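Okay, here's what each chain looks like letter by letter:
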Amino acid sequence: MKKLQEKLEFLLDKYAVSTKAELLSEKEALINGEKVRLLPWRAERRFIELRNLITQNRLTGLSTVRITHITNRGTDLYSLLWREAEIFEYISCEKLCEIFAVENSSVALNAIAKSENGIVCSFELSATLPEGQPAIDKHEMIAVSGNACDRVVDTQVPQSSIYMFGDDNAVYTDVDAELYGLNIDECAIVRHAFDIAQNGTETNSAAEHIDAVVKAAHLAVEAVDNVRI
Amino acid sequence: MKPIKIAMMSMTHGHTRKYYQTLRDNPKLDWVAVSCANAEVKEIFLNSVQGIPCYDSEEEMLTAHPEIEAVVLASENSDHLRQVKLCAERGIHILSMKIPTFDMAEYEEMQRICREAGIVFQVELELHYNPVVMRLKELNNQGKLGTLRSFEATNITLSPVWAFPWQGVPEKSYGKRVPLREGDHRFRGGAICDHPHIFDLIREMTGSEFDTIFATVAPNIRLDIEEEDMVAVTGKMKNGVVFLLDPSWSRTEAKLKVPAPGWEIFPKRMEVNIILNGDKGSVMTDCFGPNVYHNSTPDSKYVVQYTYFDEWVGLIDEFVSCIREGKTPKINLDWHRNTINAMNACYESIRTGKPIKL
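If you're matching them up, the sequences are chains A and Y in order. Quick note, in this note's numbering, the first sequence goes up one by one and the last residue is 600. Quick note, in this note's numbering, the second sequence goes up one by one and the last residue is 468.
FYI, nobody ran anything at the bench for these hints, they're computed from the structure. From a predicted model like this one, the values you see are computed outputs, not experimental measurements. Beta carbons are placed, not taken as given, at the ideal position from N, Cα and C, and that holds for glycine. Heads up, some of the hints might be wrong.
Far from chain A, some chain Y residues (derived; all Cβ distances over 12 Å) [unchecked claim]:
hint: 1; residue: 170
hint: 2; residue: 257
hint: 3; residue: 260
hint: 4; residue: 355
Lysine-lysine pairs mimicking DSBU-like chemistry, simulated, CA-CA at most 30 Å apart [as the list claims (entries may be wrong)]:
hint: 5; chain 1: A; residue 1: 509; chain 2: Y; residue 2: 437
hint: 6; chain 1: Y; residue 1: 348; chain 2: A; residue 2: 586
hint: 7; chain 1: Y; residue 1: 348; chain 2: Y; residue 2: 365
hint: 8; chain 1: Y; residue 1: 282; chain 2: Y; residue 2: 152
hint: 9; chain 1: A; residue 1: 385; chain 2: A; residue 2: 398
hint: 10; chain 1: A; residue 1: 509; chain 2: Y; residue 2: 464
hint: 11; chain 1: Y; residue 1: 411; chain 2: Y; residue 2: 390
hint: 12; chain 1: Y; residue 1: 286; chain 2: Y; residue 2: 365
hint: 13; chain 1: A; residue 1: 586; chain 2: Y; residue 2: 286
hint: 14; chain 1: Y; residue 1: 128; chain 2: Y; residue 2: 437
hint: 15; chain 1: Y; residue 1: 411; chain 2: Y; residue 2: 128
hint: 16; chain 1: Y; residue 1: 411; chain 2: Y; residue 2: 282
hint: 17; chain 1: Y; residue 1: 348; chain 2: Y; residue 2: 440
hint: 18; chain 1: A; residue 1: 509; chain 2: Y; residue 2: 138
hint: 19; chain 1: Y; residue 1: 348; chain 2: Y; residue 2: 128
hint: 20; chain 1: A; residue 1: 586; chain 2: Y; residue 2: 440
hint: 21; chain 1: Y; residue 1: 440; chain 2: Y; residue 2: 411
hint: 22; chain 1: Y; residue 1: 286; chain 2: Y; residue 2: 195
hint: 23; chain 1: Y; residue 1: 286; chain 2: Y; residue 2: 128
hint: 24; chain 1: Y; residue 1: 195; chain 2: Y; residue 2: 282
hint: 25; chain 1: Y; residue 1: 464; chain 2: Y; residue 2: 115
hint: 26; chain 1: A; residue 1: 398; chain 2: Y; residue 2: 390
hint: 27; chain 1: A; residue 1: 406; chain 2: A; residue 2: 385
hint: 28; chain 1: Y; residue 1: 247; chain 2: Y; residue 2: 348
hint: 29; chain 1: Y; residue 1: 128; chain 2: Y; residue 2: 112
hint: 30; chain 1: Y; residue 1: 411; chain 2: A; residue 2: 509
hint: 31; chain 1: A; residue 1: 374; chain 2: A; residue 2: 391
hint: 32; chain 1: Y; residue 1: 437; chain 2: Y; residue 2: 112
hint: 33; chain 1: A; residue 1: 466; chain 2: Y; residue 2: 467
hint: 34; chain 1: A; residue 1: 509; chain 2: Y; residue 2: 247
hint: 35; chain 1: Y; residue 1: 464; chain 2: A; residue 2: 466
hint: 36; chain 1: Y; residue 1: 195; chain 2: Y; residue 2: 437
hint: 37; chain 1: Y; residue 1: 348; chain 2: Y; residue 2: 467
hint: 38; chain 1: Y; residue 1: 390; chain 2: A; residue 2: 509
hint: 39; chain 1: A; residue 1: 398; chain 2: A; residue 2: 373
hint: 40; chain 1: A; residue 1: 586; chain 2: Y; residue 2: 390
Build out the structure end to end from the sequences listed, making use of the hints.
Structure (structure tokens):
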């Protein structure tokens with residue numbers, strides 16, 4: 372967190388933002404002494420661009436959003452659902468109002484949720500990867516005017532910017548020149564906290580709604596029923 | 111082995127053209143005739159295949175060719191029972207398209223008729239003869255993933271309703287006109303009816319049957335059809351494996367009357383992807399990849415050009431061997447029944463808004 376705080380202070384200083392911002396964790400920050408919940412994915416370019424397609428009326432008549440996320444073993448799948456449900460609401464500009472979910476041994480959690488406008492979001496979540504392996508995720512929006520996705524057509528796994536082959540194979544995906552050296556997730560945390568500090572972006576009410584979505588998912592698993600949020 | 115005298119009926123199904131090459135090439139078959147349901151499909155057939163006698167009615171064909179031993183029912187779902195009766199009366203073996211019927215009383219009647227006639231009835235679920243699926247099953251059977259915990263699959267395509275109009279008619283596709291739910295302007299018979307494969311594969315790969323199914327429809331992406339095109343299905347198998355299935359028509363298409371280059375608007379016209387998650391890891395599978403890509407004729411659009419596998423070769427080999435050696439096809443009416451039950455449960459869940467216990 373120290374490294375991220377330094378980068379955040381670099382941005383605050385560079386752009387002369389006087390707000391005090393302190394990263395408490397990946398999920399929370401103190402902004403002028405007030406605790407704020409972070410939604411860092413909102414600073415990831417892929418989600419910004421997917422949302423832009425909706426807000427700029429390029430992707431019209433949204434029907435379905437399909438989300439897949441395979442992550443490391445031991446990850447709390449409800450935390451993962453929290454993230455992905457918020458991503459759905461952010462990119463689609465919709466609010467979820469009902470959910471049905473099934474779970475198996477903390478390894479897999481599948482859910483189908485619906486927004487107030489009838490837009491369906493499916494979640495295929497699992498925690499099967501060894502520690503250190505990068506997550507595999509995909510977000511696809513299907514609409515009357517066309518489809519949008521953060522993955523290439525006819526591929527199954529995320530792409531990288533650089534593939535190095537030789538004795539030491541490696542891949543690199545750098546996304547932010549000002550924050551060069553941070554990975555995508557770290558960049559998103561710093562950029563998002565900076566956005567809140569600079570623009571006063573409100574996140575707590577969105578976060579509270581997602582708390583309710585995840586609570587409803589728990590209830591749905593227990594009751595084996597479709598639960599209103 | 112004496113080649114089997116085989117015929118095709120109706121020629122209205124989307125898979126009709128898949129049989130042309132296999133029926134000609136397979137030395138264990140002698141393709142003797144076809145009957146066409148209407149002038150339109152007759153013209154398409156005559157433009158595609160030469161030298162096979164083509165009749166305007168099934169009875170005419172069966173009378174002219176009493177030597178016919180087996181028939182491919184390449185017809186709309188609503189015609190299947192009638193055609194099964196026609197064939198069974200004559201002791202003719204049947205290779206049926208993927209949905210024998212959604213009416214379970216009709217289904218039972220088909221089972222009885224075929225049992226009493228002693229004929230082979232094979233259901234065309236060609237993914238069982240797909241080499242990627244064969245490898246996936248092998249990995250699963252070897253226990254490489256540890257205990258299987260979840261199964262996620264897409265069976266997503268463009269909508270065939272423009273090229274194969276019966277699929278857009280609830281009475282012909284689902285068998286009758288049933289609203290999806292109270293107040294919904296759409297009817298049963300759309301994407302769910304077109305995509306049984308993943309409801310079938312999950313049963314084999316989990317070694318279990320459906321326990322709970324929850325399904326819902328999203329707003330249609332085609333505003334000019336009267337059936338569902340966007341569907342999501344989740345639930346649990348009896349052994350605890352959870353699943354999420356997407357049988358939607360979520361790839362868009364040009365309204366061609368005959369499938370041809372340029373059919374797809376979304377670059378990829380079809381996808382069956384399967385993810386298995388177990389205690390020891392995950393497997394992600396594209397059952398039809400890898401492919402090649404181009405942006406040439408007819409529209410200069412970037413498209414995925416499939417490097418198709420010919421699953422119909424294995425499918426027909428099994429059919430022939432079942433007839434000649436008196437074996438039961440893997441996908442027979444008894445096995446397939448629970449797949450159809452699960453698809454019906456999807457519609458029931460959509461109607462009620464509730465999960466369905468099977």
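To see whether the hints hold, each was checked on the structure:
The Cβ of residue 170(Y) lies farther than 12 Å from every Cβ of chain A, with a closest approach of about 45 Å, so its non-interface assignment holds. Interface exclusion of residue 257(Y) from chain A breaks down, the closest Cβ pair being 8 Å apart, not more than 12 Å. A beta-carbon of chain A comes within 12 Å of the beta-carbon of residue 260(Y); the shortest separation is about 3 Å. Look at residue 355(Y): its CB is around 9 Å from the nearest CB on chain A, not clear of 12 Å, so calling it non-interface is violated.
Between residue 509(A) and residue 437(Y), the direct Cα distance comes to roughly 44 Å. Violation of the 30 Å bound is thereby established for this hinted pair. Proposed proximity of residue 348(Y) and residue 586(A) is supported: the alpha carbons are some 25 Å apart, at most 30 Å. A C-alpha spacing of about 41 Å is found between residue 348(Y) and residue 365(Y), which places the hinted pair above 30 Å, so the restraint is violated. For the hint pairing residue 282(Y) with residue 152(Y), the CA-to-CA distance comes to about 19 Å; that is within 30 Å, so the pair holds.
Annotation: proposed proximity of residue 385(A) to residue 398(A) holds, straight-line Cα distance about 24 Å (limit 30 Å). Distance restraint check for residue 509(A) and residue 464(Y): the Cα-Cα separation of roughly 28 Å lies within the 30 Å cut-off, and the hinted pair is therefore satisfied. In summary, the hint linking residue 411(Y) to residue 390(Y) is not supported, as the alpha carbons are separated by about 41 Å, beyond the 30 Å threshold. Simply put, residue 286(Y) and residue 365(Y) have alpha-carbon atoms about 25 Å apart, close enough for the 30 Å limit, and the pair holds.
A C-alpha spacing of about 40 Å is found between residue 586(A) and residue 286(Y), which places the hinted pair above 30 Å, so the restraint is violated. A distance of roughly 24 Å separates the Cα atoms of residue 128(Y) and residue 437(Y); the hinted pair therefore holds under the 30 Å criterion. Among the hinted pairs, residue 411(Y) with residue 128(Y) is consistent with the structure: their alpha-carbon atoms are about 25 Å apart, no more than 30 Å. At roughly 33 Å between alpha-carbon atoms, residue 411(Y) and residue 282(Y) are farther apart than 30 Å, so this suggested pair is violated.
Among the hinted pairs, residue 348(Y) with residue 440(Y) is consistent with the structure: their alpha-carbon atoms are about 21 Å apart, no more than 30 Å. A distance of roughly 46 Å separates the Cα atoms of residue 509(A) and residue 138(Y); the hinted pair therefore is violated under the 30 Å criterion. Proposed proximity of residue 348(Y) and residue 128(Y) is contradicted: the alpha carbons are some 35 Å apart, above 30 Å. Annotation: proposed proximity of residue 586(A) to residue 440(Y) is violated, straight-line Cα distance about 44 Å (limit 30 Å).
As the CA atoms of residue 440(Y) and residue 411(Y) are separated by approximately 40 Å, the hinted pair breaks the 30 Å bound. Of the supplied pair hints, the one linking residue 286(Y) and residue 195(Y) holds, its CA atoms being roughly 20 Å apart against a limit of 30 Å. Between residue 286(Y) and residue 128(Y), the direct Cα distance comes to roughly 27 Å. Compliance with the 30 Å bound is thereby established for this hinted pair. With a CA separation close to 18 Å, the supplied pair residue 195(Y) and residue 282(Y) stays within the 30 Å bound.
Simply put, residue 464(Y) and residue 115(Y) have alpha-carbon atoms about 48 Å apart, too far for the 30 Å limit, and the pair is violated. A C-alpha spacing of about 29 Å is found between residue 398(A) and residue 390(Y), which places the hinted pair at or below 30 Å, so the restraint holds. At roughly 24 Å between alpha-carbon atoms, residue 406(A) and residue 385(A) fall within 30 Å of each other, so this suggested pair holds. The straight-line distance between the Cα atoms of residue 247(Y) and residue 348(Y) is roughly 19 Å, inside the 30 Å bound, and the hint therefore holds.
For the proposed pair residue 128(Y) and residue 112(Y), the alpha carbon gap of about 24 Å is at most 30 Å, so the pair holds. For the proposed pair residue 411(Y) and residue 509(A), the alpha carbon gap of about 24 Å is at most 30 Å, so the pair holds. Of the pairs offered as hints, the one joining residue 374(A) and residue 391(A) holds, with about 17 Å between alpha carbons and a cut-off of 30 Å not exceeded. The straight-line distance between the Cα atoms of residue 437(Y) and residue 112(Y) is roughly 17 Å, inside the 30 Å bound, and the hint therefore holds.
The suggested pairing of residue 466(A) with residue 467(Y) holds, with an alpha-carbon distance near 29 Å, which does not exceed 30 Å. A C-alpha spacing of about 24 Å is found between residue 509(A) and residue 247(Y), which places the hinted pair at or below 30 Å, so the restraint holds. In summary, the hint linking residue 464(Y) to residue 466(A) is supported, as the alpha carbons are separated by about 21 Å, within the 30 Å threshold. Restraint check for residue 195(Y) and residue 437(Y): the C-alpha separation of about 21 Å stays at or below 30 Å, so the hint holds.
Using a Cα cut-off of 30 Å, the hinted pair residue 348(Y) and residue 467(Y) holds, with the two alpha carbons roughly 10 Å apart. Note on residue 390(Y) and residue 509(A): the hinted pairing holds, with a Cα-Cα distance of about 21 Å set against a maximum of 30 Å. Taking the CA atoms of residue 398(A) and residue 373(A), the gap is near 15 Å; set against the 30 Å cutoff, the hint holds. In summary, the hint linking residue 586(A) to residue 390(Y) is supported, as the alpha carbons are separated by about 28 Å, within the 30 Å threshold.
Of the numbered hints stated above, those contradicted by the structure are hints 2, 3, 4, 5, 7, 11, 13, 16, 18, 19, 20, 21 and 25, listed in ascending order.
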